[in-house]
Every structure is written in structure tokens, then in C-alpha cells.
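Trainee: Now for the letters of each chain:
Number of protein chains: 4
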Amino acid sequence: MEKETIAGRRRRREPSMGPNAVTAVLLLSCPDQKGLVAGVADFIYRYGGNIIHADQHTDPEEGTFLQRVEWELNGFGVPRNEVGGEFEPIARRFDMSWSLQFSDHVARTAVFVSKQAHCMYDLLARQRMGELQTEIPLVVSNHETLGPVAESFGVEYAHLPVTRETKAEQEAKTLALLEERRVDLIVLARYMQIVSDDFVSRYPRRIINIHHSFLPAFAGARPYHQAHERGVKIIGATAHYVTAELDQGPIIEQDVVRVSHRDSVADLIRKGRDLEMVVLARAVDLHLRRRILVYGSKTVVFN
Amino acid sequence: MEKETIAGRRRRREPSMGPNAVTAVLLLSCPDQKGLVAGVADFIYRYGGNIIHADQHTDPEEGTFLQRVEWELNGFGVPRNEVGGEFEPIARRFDMSWSLQFSDHVARTAVFVSKQAHCMYDLLARQRMGELQTEIPLVVSNHETLGPVAESFGVEYAHLPVTRETKAEQEAKTLALLEERRVDLIVLARYMQIVSDDFVSRYPRRIINIHHSFLPAFAGARPYHQAHERGVKIIGATAHYVTAELDQGPIIEQDVVRVSHRDSVADLIRKGRDLEMVVLARAVDLHLRRRILVYGSKTVVFN
Amino acid sequence: MEKETIAGRRRRREPSMGPNAVTAVLLLSCPDQKGLVAGVADFIYRYGGNIIHADQHTDPEEGTFLQRVEWELNGFGVPRNEVGGEFEPIARRFDMSWSLQFSDHVARTAVFVSKQAHCMYDLLARQRMGELQTEIPLVVSNHETLGPVAESFGVEYAHLPVTRETKAEQEAKTLALLEERRVDLIVLARYMQIVSDDFVSRYPRRIINIHHSFLPAFAGARPYHQAHERGVKIIGATAHYVTAELDQGPIIEQDVVRVSHRDSVADLIRKGRDLEMVVLARAVDLHLRRRILVYGSKTVVFN
Amino acid sequence: MEKETIAGRRRRREPSMGPNAVTAVLLLSCPDQKGLVAGVADFIYRYGGNIIHADQHTDPEEGTFLQRVEWELNGFGVPRNEVGGEFEPIARRFDMSWSLQFSDHVARTAVFVSKQAHCMYDLLARQRMGELQTEIPLVVSNHETLGPVAESFGVEYAHLPVTRETKAEQEAKTLALLEERRVDLIVLARYMQIVSDDFVSRYPRRIINIHHSFLPAFAGARPYHQAHERGVKIIGATAHYVTAELDQGPIIEQDVVRVSHRDSVADLIRKGRDLEMVVLARAVDLHLRRRILVYGSKTVVFN
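Going down the list, the sequences are from chains A, B, C and D.
First residue of the first sequence: 0, per numbering that gives the first Met the number 0; consecutive thereafter.
First residue of the second sequence: 0, per numbering that gives the first Met the number 0; consecutive thereafter.
First residue of the third sequence: 0, per numbering that gives the first Met the number 0; consecutive thereafter.
First residue of the fourth sequence: 0, per numbering that gives the first Met the number 0; consecutive thereafter.
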């Protein structure tokens, strides 16, 4: 208990920034070479930009340079719709892959579930509390079970059952719905279906899954049963981008919890639930705040 | 992702037990002496009881013995309403403090909040999913803010504002309401008011608070600000029973997360929220499953 | 800094016990059945024994009961060399596997190393400081490299090089030496050789290995390289008993540390070293204090 | 176990660098202002320097900018003894505090101990294995106890006993000895004496202490006893720079371990030892690798 001091939620924002300060976030990667940091910093400085976050990473084995830079648009000498165009020559000079986004952008997220509710509850509550800067217009499920939960949050619930025979058709329907609802990000929140390669290719690096083990240990089905069988002393959860290969996508975040012989499979499931919830929420938040760069089969997380 | 294999929530229960197997849970403490373990074990064995959990602890400094024993009522040769009476002579012989409860008991919990919603959302969702074996008939708050959240879960929301002048009166009203709703357990889920000694004395060892620091570090107000100021590399959260002394009650559970110079106060608040949520939920669950014995200013947690 | 208050090492011992109080430790497992706890507790109580530690575990799937009981010999009505004989009828009645050991027993440990010194330094220093209740009469290595380290601790260093062709012969020599030095426990402290099944069968559940990954992730060779390649966010180390199957033995202890994209393979190796050291030392200590029961492919660690 | 693949210790070094590649490390702080990153990056780029590590931090509350940049000297167009002079104008322009060091510098460290050996063993072993890039010419102690340990590592052991009356004199002797041995860094490795303000002022930000608690919890004497008394569920250790105020210096590194009611004070001491060892070693390594910037009462750790 304490005297009341914190007035509700605050936006994460530097104190020096005004209440509506919008920032530009540049994520880039390119072959490592001299002059990169100077080149980007000079671009922002030239137009009077105030950098509030800059972080870079060099992978010496791959010879790859990766960077995240964030600066205030306020006072920046280039209108926001021209920033990309102005940066283009620098990008070309260094052969960069890059993307630019503004901090007032609100992505649209669809949450996929089956019968387990904990990750769904957690994501919807976080969105509602303003912890996740996104809209969640849609929950997709292959079961009817969680419809009432979506309803209590006032979110559309699309029940799209699937069998081996109807899988292609169900995915087509799902994709159409996602497009209609203008979904940017898909979160598999304990969705117990394997999505097809074709589906994945439609949302590259925009599908986040939570796997209920410390990957690469216990990939595949029933990881808590596997963990119990093996007698491990620690279990984990892993959030990763979904790729064509099952449970092999770039890892975004992992966490673990200690267990012992006292823990039955049911206890592992219970302890694991909290991990899944928190690890998935962290990964989604990192994605939405543009903190992640994927390269090869790995991520760089600038946090 | 994985093929669907886990059918919804399972009750935590030993595989050998039938679906409705009720157990008796005995929590006891007494001066350490020879024959204690034999005495209790013999009592259960004599009537054909099947022990499914037994754990004990001896505090050699205090000379105190503490034990938790759980056994199946099914097949036990004493009717449930006579178990206490039958145990009484053993308790008297060893000078025990003890309590007995049956696993089908469903406690009634009131959640106290102010303006921050995360712990409240989490507790209500867990109750709804069946993770916490309790009913939550009531949310009490000194603000109107979270009324709609309670409503979306169909839970009564008592808005009982408080000022320095009206504190006594507000607590009286609150106590009356708690009695009316037959509340067994009070959870202060980021309730930003100090409850009076008198109030505490009405619910001894039945008020659980979450403090947003790793106690005893940063007791009192604004712990995240204090932590940021001090430059710690790890922050924590602490769930404890509320006693007359502020933030001094017996600690039930704690957890921590690593932070760095990159984390602003707002980041500490954000990271801390996840800790608060999980640590509080664990503490409430331990209480409800009768896993905690308080002695002196400490707890023994049998888990 | 603080004023000096702790006078050197203390033996881990209950305060009530005299300086030389010897205890008996009974480790047992048997089919689960009623009356077990009562039976053992009654045996100790009958002869006036004072239990200072008792812990048990029931595996409901296997129907197995496992227990560790420790009591003071002082005042116990059976001379130490007759305790086993007196317990025998109870063991037979419940069909127990059991072992009995006294706390003043000092096991003899051989440490096996290759070229990396950190675990060896750590174990020898702990032994020297009295943290590990064991003698270490012998270090075995397939390289000459660490001879001077052994020498600085005054420990015999057996350089027994091995090639594919000489493996059988080298193991025979090693076994002869272990026997001569009356070794009870073998610790593979980053020993980079696979020991043969035959060798393992000579020291069942008495060879402890440290594997430098969070098993079952990254079994086999070069786990840090594998971890770096996969882009995991956490790495680990695993201490386990050695069995015929490589990296598949019962896990005793594990721990993990967070890593990021900033960590090169060399950084993983560096961070991992600390894990290996600490995890291995904990496992050896648990073994020496008779805290571990192996059953099937798992351990129960009573701590 | 695994086939032997890692050939001894490796220097932590980028793969692209030759075996003897020397780098320059620049640590700087100054008032936050536009053009800083560009200014420093441009300086290095102008002379053809290859940046292999760059990290910066802005404290928006203090308006302070802090940076660490590391680049290869090989191919850099300024001779090493002129780098500072060339950088001077930029430093002046931005009003920087800064320091420059080359990666082949080997600092000289003195280890201070009392009677407990674990941190001393660990530091000496790490130095010997090449894990810490430093020489350790001297161990200072107020007791004779650990002389043989120093001797076994071939390190000078200065026994300088101290009483309330002789403290000033002892410190004077110690300072003289430190100067004679050209010591750059002092590590208080469970040295149970409070060093005077005057002493501290002679080695500002060059004395590292390990405190055996999770500061600011349990500052002062007997932290494990305090922790046990309070019934915390997690204990910690803290490495910090020593300042005039006891246990209040800038925190470098902390870590924690879970404990329970089962742990006696002796168990806390035992578990804490491993924390102390590892946390202190990490802090010393960070210092030696020039990863730490102190500002105000806090550190920025670039790792």
C-alpha cells in the first residue's frame, strides 16, 4: 500500500517531449562498411532532428550492420511525408534495406485462439489499458469456446472451424477476413493449428506465435509432457515469428521458471501459462514499438 | 503452434484421484518435539487415509514445528464433520495450533483497487478461467475509474471514495459490505490507500497486498521512482499479508526482473506491472490452496 | 563493506546440534502404499531419534514413494553399526530400495578435465574452503595442460592421453587408478571425452557431468555455437548423472542466463562458464549431502 | 561430454580482427545536444576508423548524453599517441568529459580480503585463466588467514592488521604499498573493514566492493541474518563502486537467487557466496573492459 501518487497510465515518452510529440523510427540493415553511423547521424543532424534513441549492431560473421534510430519530428526540417524520399539517396549509397514508421501509427492486430483463454485475456486487457499501442478488431478461433470472452471486450469473434479437409478453405476465408479488417499483425495466442506455408507467406514477419517451451527444447506437440518426462529443472516459453518451418522461426523473446520433481504435468501447465502470457505480451509490444529487426533466422531486439 | 492436445483447463489433481475426490488439508504448528510426524501420520493411517501431500518444516531457532498434510476423504474412516473432533486429542497432546479445511471449499474474495487495472484484470480473468478456486463477488475502489471493467466481468463494483476526514466512515461502510457479501479474503490489487490497524485486525492474515518493489528495498511511496533514482540493476515485486506496520507483513512471494540504465521510470513501471500481476496471482493461489503457514513475521510456503 | 562479524566458514548444521553431532541419512523408494510415513516415523520415534529433516515425494503416475529422512544419532537407541539391521524388517515389509549413510562420512572424488580450467579451479577451491565435504585425491586428464593447477593445490594429476585406438586401454588404466585411490565419485568437469558404457557401468549414478547447454536443447557438440546460430535469448548449463546414452542421464541441476544479439559465440562461452561452474558445484554438493534420489530417468532433489 | 572442439581460452575479439588487433575505447559524457553522434562518428570516419562497438545513452531528466565508442587502431589515420590530441577540439566543442584507453592496456589490480576466501580464489583463478585482462600483483588483508592461498597463486600477500587505533596508520601503509605496486584498481573481495573517506578519495571510481545483499535492502552488517529475519524469498548480491557513504556507491551489477523457509542463515550464506563470486567477477570484468560510465550516483553499463 502507499499513498496515491501515480495518476493512471502514462505514455512511455521522454520527459522533454511534449504530450503529442511524434517521432520517426528508422530500422535499417546493410553490408557493414565505414561511414554508416556518420552517414545516418549526419542526415538527421542536417535537418535539425533531435535523436531520442539510437542503437546499432554489427554481426561480424555475416558482415551485416543493423540500426534503429528514433528522432522527434517536431523541429525536423523535412515534412513527414517526405522523410523517406530524403533518406532514399543515403539508403541507396549504402545498399540498405530499411523501413520508416511514425510513432502515432496504430497497427491493427488479430488474435488467433483455440480453447485456452489466458493469452487472449491478457492481450485484450493490455490493449484496453493502453499498454499495447494497437487496435484489436478481431479474434479468430477454430472453436466457439472463447466467443463470450471476446464479446465481454466488445471484439468481433470469428469462429472458423477447421478440419483436415476444410483447411485450405478455412484459411482462404480467414485471409479474406483479415484483409477486410485491414489487419497488420497476427498473434497466435495458443492457437492450436499449424498455419500453411502459403498463409505464412502472406504475412511475412507479421505472425507472432507463443510456443510453450524453451525452444529449441521440446518443439512440437505437448511440450510440458515432454519436459515432465525428461525431468528438467527449468521450463520456458518462447515467442517467435512464424515461418514455413514449424517452431523454427526467429526467436523474439524467451523466459523461464524453475520447477522441481514436485510439479506434475498440470503444475507445469499452470506455471507455464504465466510465462506464455508475459513472454507473448512482451514480444507483441516489442514488435509494435518497432524494436525488432529480423535478419536471417535471428532477431536483433533493440530495447 | 501444435496439434491440439490439451483439452481446456484441468483441475490440479493427482491422476489416481477420481474427478470429484475431496481432500482434507491440515495445517498445524507447535513446539518441536519427538513423535510429531509419527503422531500425525499414525492418525491418518489408523483410519485408512491416503496421504497425497505431506510436508513439514522445523525452525530450529524458534523450536517450532510446522506441517501441512493432505489426504483423501474418500475411504477415510471418519466422516468429514467429525475429522476435527477426532484430531483434537492429538492436537492437545502436542499443543498444536491447527486448522482443517476441505478441498471443495470455495472462498469468497474481494478485490480492492484504485485506478490501475492490471492486477484486477488479471485476477478476474484467472477466476473466470478457473485458475483460482474462489468466487469474487465484489470489487471495492476509492475511485470510479474501473467500474466498467468490473461490469464487463459481471462483478459488483462498490465505489467508496475516501478522504482524510471520511476514512473511518468509509472503512466502516466497507467492513459492513464485506460482511454482507461474506468475504473471506481481501486482495489489495494496487489499492492506493493505507488501511487502518482496526481494519487489518478484522481480517488477520486474510488481507494480501502487492507492493511494487523488492521489499524491504523501497518500502513506502513511489518505489519505482526510488529504484530509478538509486540505479538498481534489478527490480522486484512483493506479495505479503497486511499487518499493522506498513509494508512489514509476512512475505508470501517475490519475483524480480533485470533492468538497465536504458529503462526510464515509465519503463520500470511497465516492467513492474507484469511482476505485480504474476506475483500477486501466485500469492492468492497459494493462500486459496492452503499452502501458507504464517508464524511470527514470516511465512512457510509448502509448494 | 561491513564490520567483521562472520567468523570464517561454518558447518551447515542445525543450531540445536552440538559441534560434532553426527546424523543418519536414510534415502528410500518403494511402491506407494498406506502407512509408509507412519512406519518410518515410528521407527525413528521408537528409538528416541530426533528428526532434523524429512521430506518425501509421491510420483502418482509411477505409483512410487520416495523419502529422505535425517535424524541425530546422539540419543538414538540403536548403535550406528546396527541401524541398518534394525531398519531391515521395515524395508522388507514395504519392499523398499534404501541406503543409509552417516553425516561424518567423507567421500573421495576424482575430477576429470581436459584443457579448460574453470570448473576444476572452482571445485578444488571449494573443497579447500570446506564448502564441499569431500576429499579430492586425484585429477585425471587427457591433456597435460592443467597439471600445474593441480600441483598448486597439491593434488595428484594423472595425465592419461587417449586416442581412438588407445581408448579401451586408457579407460582400463583409469579404472585401476580410481580403484587404487578408492574413489567414490567422478566429476567430469568439462572433460571432453565420451566415456564408454562399460566405464559408466562401473560407477552407476556416481559420475556427474556438466553439459554446457540447457538440455535437452543443444545436446552433443559445440552447444554455444548451436545456441548462437539459433538466436536464443537465454542460454543454460545442465549437471546430470552420466548414463550409457550421451547427454540423456538424469538431470540434477540446471540454470540459465539471459543473452542477446550483442553476444558473440565467445561471449556465450564466457557467460556460460560461470553457469557451468556454479551448476556443477551445486550438483556435486547435493550428491555429497545425499540430497538426490534417482528413479527412472529422473531425479528427486530434496533440498 | 562432447568431442573436444574448443581449444582453450579465446580472446574476446571480433572475428574480422587479426590476432593482435588493438582498439581504441572512448568513453564520454556531456550535456545532451544535437549533432553529438554525428560529431563523434564523423571524427572516426574522417580518419578511416572502423567502429566495432558503439553505444550511447541519453538521460533525459539530467539532459546528459553518454557514449562508448570502440574502433580499430589498425588503418586509423592518427597514431595512437596523437588520438587524444586530435579528439580534443570535438570534446571542447561539446563540453565533454572523456577518457581514452587502448585495448592492450593491462591494468594492475589489488585484491583486499579478510578471512573469507571464495571471491579471492575466484578472482585469482580467473586472472590466471586469462578471463580477466589484468595483473594482480598484490593481495592485502587485515588477517593472516589467506596468506597460503595467495602463495599458492604466487601473489604477494600483505598482512596489514588494523584496529580502531591503528586505522589511519594502516591505511597510510596500505596506500604507500599500492603506489609502490602501481595499482590501478582495488577490489574489496569480502574485505570486512570500512575504508576511510580519505582512502576512497585517492581511488575515485577505482574501488569495487561486493555487498552480500540486494542493495538497498539490507545495507550494513550481517545482511544474511537480516534477510533470514525478514523472511524474504529471494536474496542477492551487489557490486558497486565505493564512495564516502557506506553501501551507497554507484551500483555496477546485481544478481539474485531464490530461497525459502527451508534455508537457514547458513544456507543463505552458502547460496550467497556463489552470487558474490559471480557478481563481483562480472563487475571487475566490466570495469577492465571499460564498459562502465559513472554519472551522479549511477552507472551506465555498455554491454
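No lab work stands behind these hints, which were simulated from the structure alone.
Everything numeric in this text was worked out from a predicted model, so none of it was measured.
Hints are supplied without guarantee of correctness; some may be wrong.
Treat identical chains as interchangeable: a pair holds within one or across any two.
Unchecked claim - Straight-line distance between alpha carbons at most 20 angstroms, and here's what the computed SDA-like set of lysine to any residue pairs gives:
no.	residue 1	residue 2
1	Lys-297	Arg-257
2	Lys-33	Gly-76
3	Lys-114	Gln-192
4	Lys-172	Leu-285
5	Lys-297	Ser-263
6	Lys-297	Pro-249
7	Lys-172	Phe-101
8	Lys-297	Val-21
9	Lys-172	Ser-200
Trainee: How would you classify Lys-297 and Ser-263 at a CA-CA limit of 20 angstroms: within, between, both, or neither?
Mentor: between (33 angstroms within a copy, 13 angstroms between copies)
Trainee: At 20 angstroms max between alpha carbons, let me know whether Lys-297 reaches Val-21 within a copy, between copies, both or neither.
Mentor: neither (29 angstroms within a copy, 30 angstroms between copies)
Trainee: Can you give me the call for Lys-297 and Arg-257, within, between, both or neither, at a CA distance of at most 20 angstroms?
Mentor: For Lys-297 and Arg-257, the Cα distance is within 20 angstroms only across copies (16 angstroms; inside one copy 26 angstroms).
Trainee: Which holds for Lys-114 with Gln-192 at a C-alpha limit of 20 angstroms: within a copy, between copies, both or neither?
Mentor: within (11 angstroms within a copy, 38 angstroms between copies)
Trainee: Go through the copies and call it for Lys-172 and Phe-101: within, between, both or neither, with a Cα cutoff of 20 angstroms.
Mentor: Neither: 31 angstroms inside a chain and 50 angstroms across chains, both beyond 20 angstroms.
Trainee: Have a look at Lys-297 and Pro-249 and pick one of within, between, both or neither, based on CA distance no larger than 20 angstroms.
Mentor: within (5 angstroms within a copy, 31 angstroms between copies)
Trainee: At most 20 angstroms between C-alpha atoms: does Lys-172 with Ser-200 qualify within a copy, between copies, both, or neither?
Mentor: Close inside one copy (16 angstroms), not across copies (59 angstroms); limit 20 angstroms.
Trainee: At 20 angstroms max between alpha carbons, let me know whether Lys-33 reaches Gly-76 within a copy, between copies, both or neither.
Mentor: between (26 angstroms within a copy, 13 angstroms between copies)
Trainee: When no copy is named, should Lys-172 and Leu-285 be tagged within, between, both, or neither for a Cα gap of at most 20 angstroms?
Mentor: neither (29 angstroms within a copy, 44 angstroms between copies)
The structure is inconsistent with the numbered hints 4, 7 and 8, although it conforms to all the rest.
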